[in-house]
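Trainee: Spelled out from the first residue to the last, the chains are:
Number of protein chains: 2
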Amino acid sequence: MKAEIIAVGSELLTAERLDTNSLFLTAELNRIGIRVIQKAVVGDDPDEMASSFRQALERADVIVSSGGLGPTDDDRTRTAVSQLLGRKLLLNDEILERIKTRFRRYNRPMPEINIRQAMVPEGATILPNPRGTAPGLWLEAKGRIVILLPGVPAELRALFETEVGPRLSRIAPGERLFTRELRVTGLPESEVEARVSPVYALYPDIEVTILAAPSGIQLHPRIWSKNEAQARKLLDEMTLRMALPLGENLVSTHGETMEEVVARLLTENHATVAVAESCTGGMLAEHLTNLAGSSNYFLGGAVCYSNEMKMAMAGVPAALIEAKDAVSAEVASALADGIRRVVGSTVGVGVTGIAGPGGGTPEKPVGLVYIGIADERGARSQEFRFSAADRDRNRQMATQAALDLVRRHFLFPVAPKAS
Amino acid sequence: MKAEIIAVGSELLTAERLDTNSLFLTAELNRIGIRVIQKAVVGDDPDEMASSFRQALERADVIVSSGGLGPTDDDRTRTAVSQLLGRKLLLNDEILERIKTRFRRYNRPMPEINIRQAMVPEGATILPNPRGTAPGLWLEAKGRIVILLPGVPAELRALFETEVGPRLSRIAPGERLFTRELRVTGLPESEVEARVSPVYALYPDIEVTILAAPSGIQLHPRIWSKNEAQARKLLDEMTLRMALPLGENLVSTHGETMEEVVARLLTENHATVAVAESCTGGMLAEHLTNLAGSSNYFLGGAVCYSNEMKMAMAGVPAALIEAKDAVSAEVASALADGIRRVVGSTVGVGVTGIAGPGGGTPEKPVGLVYIGIADERGARSQEFRFSAADRDRNRQMATQAALDLVRRHFLFPVAPKAS
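Chains as they are written, first to last, in my numbering: chain A, 1 to 419; chain B, 1 to 419.
Where hints are given, some of them may not hold.
Repeated chains share a single entry, so a pair holds when one copy, or any two copies, can fit it.
With a Cα cut of at most 25 Å, we get these calculated DMTMM-like pairs of lysine to aspartate or glutamate [claimed, not checked]:
{"id": "1", "residue 1": "Lys364", "residue 2": "Glu228"}
{"id": "2", "residue 1": "Lys233", "residue 2": "Glu97"}
{"id": "3", "residue 1": "Lys100", "residue 2": "Glu189"}
{"id": "4", "residue 1": "Lys142", "residue 2": "Asp47"}
{"id": "5", "residue 1": "Lys142", "residue 2": "Glu175"}
{"id": "6", "residue 1": "Lys2", "residue 2": "Glu260"}
{"id": "7", "residue 1": "Lys88", "residue 2": "Asp47"}
{"id": "8", "residue 1": "Lys324", "residue 2": "Glu363"}
{"id": "9", "residue 1": "Lys2", "residue 2": "Glu58"}
{"id": "10", "residue 1": "Lys233", "residue 2": "Glu259"}
{"id": "11", "residue 1": "Lys324", "residue 2": "Glu58"}
{"id": "12", "residue 1": "Lys100", "residue 2": "Glu193"}
{"id": "13", "residue 1": "Lys226", "residue 2": "Asp45"}
{"id": "14", "residue 1": "Lys142", "residue 2": "Glu58"}
{"id": "15", "residue 1": "Lys226", "residue 2": "Glu161"}
{"id": "16", "residue 1": "Lys364", "residue 2": "Glu308"}
{"id": "17", "residue 1": "Lys233", "residue 2": "Glu11"}
{"id": "18", "residue 1": "Lys88", "residue 2": "Asp61"}
{"id": "19", "residue 1": "Lys88", "residue 2": "Glu122"}
{"id": "20", "residue 1": "Lys324", "residue 2": "Glu376"}
{"id": "21", "residue 1": "Lys233", "residue 2": "Glu207"}
{"id": "22", "residue 1": "Lys100", "residue 2": "Glu191"}
{"id": "23", "residue 1": "Lys233", "residue 2": "Glu16"}
{"id": "24", "residue 1": "Lys142", "residue 2": "Glu376"}
{"id": "25", "residue 1": "Lys233", "residue 2": "Glu58"}
{"id": "26", "residue 1": "Lys2", "residue 2": "Glu248"}
{"id": "27", "residue 1": "Lys226", "residue 2": "Glu11"}
Hints in this document: simulated from the structure, not taken from any laboratory.
From a predicted model like this one, the values you see are computed outputs, not experimental measurements.
Kindly generate the complete structure, drawing on both the sequences and the hints.
Mentor: Structural data, given as structure tokens:
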């Protein structure tokens with residue numbers, strides 16, 4: 001079965017907005033066993049809307065639209081689709097009553113224009129919307145199914161989960177989509193691709209999408225199958241084969257984030273962490289605290305931009321900064337060790353570098369970052385040269401590298417040396 | 001003139017990927033004077049691709065596609081469009097030579113499959129791609145213009161800016177899009193809408209899109225006009241009229257971010273800032289340091305999750321925490337004043353609260369946040385009750401509120417009192 005998704009709304013054709021409902025709809029349709037063959041975004045113009053729906057009816061078995069069911073003049077999906085399918089629009093008393101009740105609950109009279117939301121194309125099944133005034137509509141015509149949903153994401157999701165999904169599941173064929181998600185750190189996309197692509201040929205039924213996110217590279221193997229056990233076995237096998245060439249750079253195989261992996265390792269090792277960061281400006285602490293319960297392992301952080309702050313907040317000796325420069329392997333180690341002592345954590349992390357765009361020199365260019373890690377046995381640090389032109393990207397890469405150093409500290413311990 | 005944008009690529013039909021090239025293309029087309037009436041995403045299937053292009057040719061004057069120009073089997077835009085327009089695909093020696101040169105530069109032989117990228121539909125204008133192997137293609141047929149661009153964003157942008165934009169500008173009509181961007185903080189979307197919507201009726205030619213971002217509410221007035229001076233005058237007028245009911249909540253009228261406004265105010269006032277944050281976990285420092293040159297006004301930050309850290313890093317008296325609780329107006333003020341003294345900055349900011357999902361009590365529920373601000377005259381703090389269910393949203397709202405407190409400190413000074 002093939003589906004087409006149509007997002008309705010002139011605001012979705014501006015340079016500021018993207019239709020994101022289609023990601024949710026795609027995941028749900030795929031899970032049920034329906035492939036998405038095309039997505040369209042169309043404005044409020046009735047002719048263009050009709051043209052979109054007409055063409056979708058030629059190609060797809062199921063058409064799911066979002067938006068254009070509101071009470072105002074711009075909301076024309078109902079009208080456009082009724083005309084296209086040659087159905088009359090009739091006032092539905094039950095919906096009207098439901099809308100009136102909804103307004104009464106908020107002690108407000110129903111505005112006249114909301115009557116429009118109680119108009120229903122002949123023969124449509126009404127999908128009650130618990131979160132808003134516009135119900136969803138389910139139409140069957142010419143062997144196709146047309147489903148009209150409101151554009152508000154919370155309403156669309158609730159309606160799909162309670163009304164649309166179960167109905168489609170009963171008629172969709174047995175083949176469904178099964179997926180995995182591998183997360184990789186510290187390697188560029190091309191290198192990840194080069195390492196894992198030899199595995200592709202062994203699994204011709206599995207399609208792999210590779211995605212470069214600020215947090216690293218993601219591999220999404222996907223397989224359509226009627227046989228869940230076999231699909232999962234193939235995905236497991238392929239994941240294992242891809243894991244091998246990725247080695248220590250593989251962060252997770254079930255979509256766990258770097259923060260989740262680090263949180264698990266800290267918790268399992270009854271360890272706590274503190275950070276002293278310069279060029280990442282708080283981003284490292286922010287990532288370490290973005291999970292619920294992070295106060296169990298994160299004790300504290302210092303954002304020390306100036307040399308004075310590096311001394312005052314993380315106890316870095318002035319003489320060391322003088323001798324080695326603030327952006328140096330030695331100061332990264334001293335930051336890590338210093339903050340660990342000040343805060344009293346098991347592990348300390350120090351970050352110092354040049355995020356850019358200014359501040360670079362030939363010897364110490366923009367993108368040069370030193371990251372230190374310390375425990376009770378001592379401290380060590382690592383040099384990174386990020387090549388991004390933009391400040392934010394350099395800060396993100398440094399943050400990921402720092403989180404990864406914590407991960408490796410527990411997974412692949414090396415003998416640390418005092419620096 | 002009307003345009004349609006077609007993004008080609010099966011990976012864009014998964015639940016993980018969105019076509020974002022269309023935002024850039026929309027902004028550029030609008031600027032030139034071309035409206036986007038539809039956007040489509042289509043997979044690598046030649047039939048479906050042909051169907052998309054055929055329908056776009058019925059509706060639009062200009063069709064811009066991205067993707068499907070690579071060297072592999074999946075890259076079929078060239079073939080699909082040639083067949084649709086009834087043009088032969090011919091090998092272009094000049095392009096072939098350029099591709100070979102490109103590979104030679106990297107000391108690699110050109111793989112056979114790359115020859116495909118030198119195939120050009122009869123009569124097409126070749127748009128040289130300085131950043132990659134696939135050139136863009138410009139076709140004119142049946143009174144329509146069809147422009148095929150590669151999907152790699154950097155290549156697409158460079159090609160549009162150097163080759164496509166100037167060509168389209170010469171033939172596009174005089175009417176162009178003019179926009180403004182107002183940023184608002186501290187008000188929900190519905191309240192912003194209620195305050196500014198009475199102004200809409202006064203400017204029937206201006207369309208306003210309202211957008212709720214984590215950083216606050218944005219208003220995007222847009223007008224199509226041949227008369228730049230008049231369009232700008234209308235936008236200025238309308239902006240002024242919308243600014244009035246927004247009052248102190250209006251952050252900027254030309255799309256400046258909250259961080260940019262705060263940076264400007266700190267710089268203009270020769271002031272520096274330091275922060276001590278608990279529930280925002282580094283997010284406030286991260287925002288204050290995300291602009292280049294932030295080391296001129298940001299001195300340092302402490303992320304103090306535990307009571308011990310609040311004492312050690314920001315000098316909050318143990319007795320105060322004992323007497324008032326860590327999440328209290330008094331501790332927020334003490335954090336602000338303490339970090340200001342420790343770091344030696346002009347202004348100090350303190351944040352303490354309950355981000356959730358755990359840790360709430362009936363008296364101090366999840367979402368309760370106190371934010372303090374201090375200068376040499378003393379400290380004061382403000383209570384916020386954010387209602388978000390999710391941790392990240394509460395942290396974002398607290399960060400925005402803290403930045404806004406700094407903004408208001410300079411714009412609308414109140415007599416601070418010691419707390």
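Trainee: Since the copies are identical, ignore which copy is meant and state whether Lys142 and Glu376 lie within 25 Å (CA to CA) inside a copy, between copies, both or neither.
Mentor: Cα proximity of Lys142 and Glu376: none, with 73 Å in one copy and 75 Å across.
Trainee: With identical chains, the pair Lys233 and Glu16 could be close in the same copy or across copies; at 25 Å between alpha carbons, which is it: within, between, both, or neither?
Mentor: between (42 Å within a copy, 23 Å between copies)
Trainee: Please sort Lys233 with Glu11 into within, between, both or neither, judging by C-alpha distance up to 25 Å.
Mentor: Classified as between; 23 Å across copies, 44 Å inside a copy.
Trainee: I want to check one pair: Lys100 and Glu189. Are their C-alpha atoms no more than 25 Å apart within a copy, between two copies, both, or neither?
Mentor: between (54 Å within a copy, 24 Å between copies)
Trainee: State whether the alpha carbon distance between Lys324 and Glu376 is at most 25 Å within one copy, between copies, both, or neither.
Mentor: Answer is within: at 23 Å inside a copy they meet the 25 Å cutoff, but 35 Å across does not.
Trainee: Reference check for the pair Lys233 and Glu259, CA-CA at most 25 Å: within, between, both, or neither?
Mentor: neither (27 Å within a copy, 49 Å between copies)
Trainee: State whether the alpha carbon distance between Lys88 and Asp47 is at most 25 Å within one copy, between copies, both, or neither.
Mentor: within (18 Å within a copy, 34 Å between copies)
Trainee: Can you give me the call for Lys100 and Glu191, within, between, both or neither, at a CA distance of at most 25 Å?
Mentor: Answer is between; shortest inter-copy Cα gap is 23 Å, intra-copy 59 Å.
Trainee: I want to check one pair: Lys364 and Glu308. Are their C-alpha atoms no more than 25 Å apart within a copy, between two copies, both, or neither?
Mentor: So Lys364 and Glu308 pass the 25 Å test inside one copy only (21 Å; across, 37 Å).
Trainee: Is the C-alpha distance from Lys226 to Asp45 at most 25 Å within one copy, between copies, in both cases, or in neither?
Mentor: between (41 Å within a copy, 22 Å between copies)
Trainee: For Lys88 and Asp61, with the copy left unspecified, which applies at a CA distance of at most 25 Å: within, between, both, or neither?
Mentor: Within one copy only: 23 Å inside, 34 Å across.
Trainee: Tell me, please, which holds for Lys364 and Glu228 at an alpha-carbon limit of 25 Å: within, between, both or neither?
Mentor: Answer is neither: 54 Å inside a copy and 46 Å across each miss the 25 Å cutoff.
In summary, the structure is inconsistent with hints 1, 2, 6, 10, 11, 24, 25, 26 from the numbered list given earlier, while agreeing with the others.
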